[in-house]
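Participant: Once you have looked at the hints, place chain B on chain A.
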Amino acid sequence: MRVEYINPFFQATNDVFSVMLNLQTKRGNLKAVEELIPVHEANVVIGVTGDMRGSLLFSFPEEMALEMVKIMSGMEMNKLDAFVTSALSEVANIISGNALTYLAQNQLTCDISPPQVIVGAGGSMSMTTEKAVVLPLQTNVGTFEISISLHGSK
Amino acid sequence: MWKEHYRIGSELIDTQHQELFKRVGNFIKVVQAEGKWEERIQEVKDTLEFMQHYVIFHFTDEEELQEEIGYPEIDRHRAIHNEFRGEIRAFAKQVEQEGLDEEKVQEFGAKVMTWLIMHVGKEDQKIGEFIRSQGGSQ
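Sequences listed follow chains A and B, in order. For the first sequence, the working numbering begins at 10 and goes up steadily by one. For the second sequence, the working numbering begins at -2 and goes up steadily by one.
The following block holds chain A by itself, in its conformation from the complex (with noise of 0.2 Å):
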């Protein structure tokens, strides 16, 4: 998978969570990986097809995912109910468009499918197939990761 595929999600979570949440983010050093891995409570899929294929996973410490969805709601949150998985697909949706929108201006034309939602860490989904790149992502309310396991014809 090439690198330069990996920098618009950096700069697409950049934005939003700035925007959404008020919060700067950092890139730790990017991890080549054999399967997508859900390492954190809360995960959301999201499938990419047309220029580019494959699959992208958001994975969120549960704690982390809590204080987000507080940001947001301005309410204390206290469990991984269909409010704040919802939420949090609602944001990995928001970066993966935006970062599909990046690279359609390197002409790459992409759409991602409704985001799916998996609780509880561990497993490899039998989904993919094909190796991914982990690229973590820390904040202030904790760190989370994006794997990236796209491969496109051009």
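What the hints contain is simulated information worked out from the structure, not anything from laboratory work. Every residue gets a Cβ at the ideal spot worked out from N, C-alpha and C, and that includes glycine. Careful: at least some of the hints might be erroneous.
Claimed, not checked - Pulled a few chain B residues facing chain A out of the computed Cβ check, cut under 8 Å: (1) 25; (2) 28; (3) 29; (4) 32; (5) 33; (6) 100; (7) 110; (8) 111.
Facilitator: Chain B only, in chain A's frame:
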């Protein structure tokens, strides 16, 4: 939920945005409250309608302002509003047909919240920039 930096420099729209965040916040509070869903359902329904009406009402006023000031991106902005109007209508229809399901309402509440934050925090700020570029507030 409302933040001071959301102000765009139109008193009418800034006041409406505050009201909109207030109604969305109240709706989420009612949806996320403790207690049996069946016992809370009427309050959920009332706050949901109260919020939905205001979204539609506010969009109309905001589009009128954009017309008045000759906002160059009005067509794009209206298209974004129309898409969201469609989602609100679709959910209202779903509620009418299937009733209020707790998870579906939670999902809808999360969608409205994130949409509103991103829209007012980013898209509407461009109207503010335009107003300032024209030399002042409305």
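Participant: None of the hints should be skipped; say for each whether it holds.
Facilitator: Hints, one by one, checked against the model:
| no. | hint | result |
| --- | --- | --- |
| 1 | 25 | holds, 5 Å |
| 2 | 28 | holds, 7 Å |
| 3 | 29 | holds, 6 Å |
| 4 | 32 | violated, 14 Å |
| 5 | 33 | violated, 15 Å |
| 6 | 100 | holds, 4 Å |
| 7 | 110 | holds, 6 Å |
| 8 | 111 | holds, 4 Å |
Of the numbered hints listed earlier, those contradicted by the structure are 4 and 5.
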